[in-house]
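Since chain A is already given, all that's left is putting chain B on it; use the hints.
Heads up: the protein sequence lines correspond to chains A and B, in order.
Residues 0 to 80 in numbering that gives the first Met the number 0 are what the first sequence lists, from first letter to last.
Residues 0 to 222 in numbering that gives the first Met the number 0 are what the second sequence lists, from first letter to last.
A portion of the hints provided could be inaccurate.
Below 25 Å or equal to it, Euclidean Cα-Cα: the simulated SDA-like pairs (lysine to any residue) are [to be verified]:
{"id": "1", "chain 1": "A", "residue 1": "Lys66", "chain 2": "B", "residue 2": "Lys191"}
{"id": "2", "chain 1": "A", "residue 1": "Lys41", "chain 2": "B", "residue 2": "Lys191"}
{"id": "3", "chain 1": "A", "residue 1": "Lys59", "chain 2": "B", "residue 2": "Arg220"}
{"id": "4", "chain 1": "A", "residue 1": "Lys71", "chain 2": "B", "residue 2": "His157"}
{"id": "5", "chain 1": "B", "residue 1": "Lys165", "chain 2": "A", "residue 2": "Met0"}
{"id": "6", "chain 1": "A", "residue 1": "Lys40", "chain 2": "B", "residue 2": "Phe114"}
{"id": "7", "chain 1": "B", "residue 1": "Lys139", "chain 2": "B", "residue 2": "Leu126"}
{"id": "8", "chain 1": "B", "residue 1": "Lys34", "chain 2": "A", "residue 2": "Lys49"}
{"id": "9", "chain 1": "B", "residue 1": "Lys115", "chain 2": "A", "residue 2": "Ser75"}
{"id": "10", "chain 1": "B", "residue 1": "Lys34", "chain 2": "B", "residue 2": "Asn167"}
{"id": "11", "chain 1": "A", "residue 1": "Lys71", "chain 2": "B", "residue 2": "Leu38"}
{"id": "12", "chain 1": "A", "residue 1": "Lys35", "chain 2": "B", "residue 2": "His157"}
{"id": "13", "chain 1": "A", "residue 1": "Lys41", "chain 2": "B", "residue 2": "Ser118"}
{"id": "14", "chain 1": "A", "residue 1": "Lys15", "chain 2": "A", "residue 2": "Lys49"}
{"id": "15", "chain 1": "A", "residue 1": "Lys8", "chain 2": "A", "residue 2": "Tyr33"}
{"id": "16", "chain 1": "B", "residue 1": "Lys34", "chain 2": "A", "residue 2": "Lys15"}
{"id": "17", "chain 1": "A", "residue 1": "Lys71", "chain 2": "B", "residue 2": "Leu209"}
{"id": "18", "chain 1": "A", "residue 1": "Lys66", "chain 2": "A", "residue 2": "Ser47"}
{"id": "19", "chain 1": "B", "residue 1": "Lys191", "chain 2": "B", "residue 2": "Leu141"}
{"id": "20", "chain 1": "A", "residue 1": "Lys49", "chain 2": "A", "residue 2": "Asn62"}
For the record, the hints were derived by calculation from the structure and aren't laboratory data.
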Amino acid sequence: MHDILQVVKNKNGKIKPTHILYKSNLSHQMMEEYMKELIEKKFIVENSEKTGRTYSITQKGINFLDKYGLIKEFTSSFGLD
Amino acid sequence: MALIHLVPNWFLRFDIGLEILFAIVTFVVAYYSYKIYKLSDQEESRILSIAFLSISISYLIKAVVNLLIISGVDDKISNVSFSNIQTLQNVGIFANGAYIILFTIGLVLLAYMTFKIRSLRALSLLLATNVFVMFLSQNKILSFYLLSSLLTIYISAHYYLEYIKKNNYKNLALFFAFIFLFFSGIIFIFSKIYYISYVIGHLLELASYLIILLILISAIRKK
Chain A
0 MHDILQVVKN
10 KNGKIKPTHI
20 LYKSNLSHQM
30 MEEYMKELIE
40 KKFIVENSEK
50 TGRTYSITQK
60 GINFLDKYGL
70 IKEFTSSFGL
80 D
Chain B
0 MALIHLVPNW
10 FLRFDIGLEI
20 LFAIVTFVVA
30 YYSYKIYKLS
40 DQEESRILSI
50 AFLSISISYL
60 IKAVVNLLII
70 SGVDDKISNV
80 SFSNIQTLQN
90 VGIFANGAYI
100 ILFTIGLVLL
110 AYMTFKIRSL
120 RALSLLLATN
130 VFVMFLSQNK
140 ILSFYLLSSL
150 LTIYISAHYY
160 LEYIKKNNYK
170 NLALFFAFIF
180 LFFSGIIFIF
190 SKIYYISYVI
200 GHLLELASYL
210 IILLILISAI
220 RKK
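Just chain B, same shape as in the assembly:
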């Protein structure tokens, strides 16, 4: 299992910076959700915290893998060694698997949270279905992007319905944040063919996480 993207030269390393930024933003959301959980004992906050922590770790892994690949490519130019390339490939496969699983767990938890039901059976069914479909599929990466896009659509719908119900503009902003994440997932599918898809996918993710960060900052400031 390899995440293959066509990356423009000028975007190399910049993507790693963005992934680290996404990891930090999602970690901060996870931290504050946990803090709210400790204060309120509200189950939804705990789920939100675990979901964002999972997504944060997944981005960190992705950033480390990309860094390893870039340093591996640099190293390959100066010192070609088959065992080095093989090791790099194995680490890449393992890390990509971890990234995909953790990101999916994060999105499944977010989708589960929006249903406002508390059932371990429902959660395990959601998780198992997503993970099995991905790993039994011939094209795992395509399945991953399609499933994560499907999950983000459900999460977006929740925020849109919340906005309609409560007229809270922050819910509308979160709706757009998850819509951006949805489109980034779709666009990443084409990054095997088009260089620009990888860049646009990252920029959409950036827009999404900046919105989430702004919502968090505004919530903290109003205390």
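Just chain A, same shape as in the assembly:
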């Protein structure tokens, strides 16, 4: 999830699903599942454009990436991951 979010952020916060698939090395089904979770958590938003679907990162997603070290350390320490 972190890697996908990082990919979206690296693409100036806007990316097509095919690019995510290419960069993240995931199966299509796996990627769709992660994308669904990221949307549910409001880390990314889906945009419908003439050229197709794109995804962009939200402020909440950026905050998640900024504090990822803290989140990872906390969740692994307390056995939450």
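Relative to the frame of chain A, chain B by itself:
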């Protein structure tokens, strides 16, 4: 329902200080878990936060009750009044009930979190079973200590298994923290008979919460 302990004179008030310290430590863990939940939207962090908040409030209530009892005893020496003692007794019964329920809720939530399943039915069954067994039991205090010890064993097992799986020494430290909490619960059972049990129980709790605090500090520092 009264929590009766034999307390050495020299330990009076010191126990209240420790309970306030436990309330603070568990509150800080609850606060950081909530912060992690807000950042990550991870359900486990939210459960951890509510669990530690519940335990924190329970310790605060316990500390206030003990303070009331001590001031009540002091007051009784200078001014014996039946209604005062009666009121104190009623407050004590109510507050002890609140302490027991909140502490149990906290441990049930922690145990539920370790199962990594999300089912409101499973959680409500765990809660209802624990609360009903305690309140229908003739010796509620004994049931409380036995049930909380059982819950801490399950929580400890989770951290031990996590340690085996991930080789993370912090999980091992948390295993020991909950093992200390387990032994404190067992030892408190004997505090009706032995003065020293009450002291040892508190010292084991202190060791447990200090470990939890150290784990939290190390997690925050590594950001």
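Results of checking the hints against the structure:
1. A:Lys66 x B:Lys191: violated (48 Å)
2. A:Lys41 x B:Lys191: This hinted pair is violated, its Cα atoms lying about 53 Å apart.
3. A:Lys59 x B:Arg220: holds (22 Å)
4. A:Lys71 x B:His157: holds (18 Å)
5. B:Lys165 x A:Met0: holds (20 Å)
6. A:Lys40 x B:Phe114: Within the cut-off at roughly 22 Å; holds.
7. B:Lys139 x B:Leu126: Holds. Lysine 139 of chain B to leucine 126 of chain B sits at ~16 Å (cutoff 25 Å).
8. B:Lys34 x A:Lys49: The given pair, whose Cα atoms are some 39 Å apart, is violated under the 25 Å limit.
9. B:Lys115 x A:Ser75: holds (14 Å)
10. B:Lys34 x B:Asn167: Measuring from Cα to Cα gives roughly 23 Å; hence the hint holds.
11. A:Lys71 x B:Leu38: holds (11 Å)
12. A:Lys35 x B:His157: violated (29 Å)
13. A:Lys41 x B:Ser118: Between lysine 41 of chain A and serine 118 of chain B the Cα gap is close to 23 Å, so the pair holds against 25 Å.
14. A:Lys15 x A:Lys49: Status holds; Cα separation ~12 Å.
15. A:Lys8 x A:Tyr33: OK: lysine 8 of chain A and tyrosine 33 of chain A at ~15 Å, within 25 Å.
16. B:Lys34 x A:Lys15: violated (31 Å)
17. A:Lys71 x B:Leu209: Judged against 25 Å, a Cα distance of about 22 Å means the pair holds.
18. A:Lys66 x A:Ser47: violated (29 Å)
19. B:Lys191 x B:Leu141: holds (11 Å)
20. A:Lys49 x A:Asn62: violated (30 Å)
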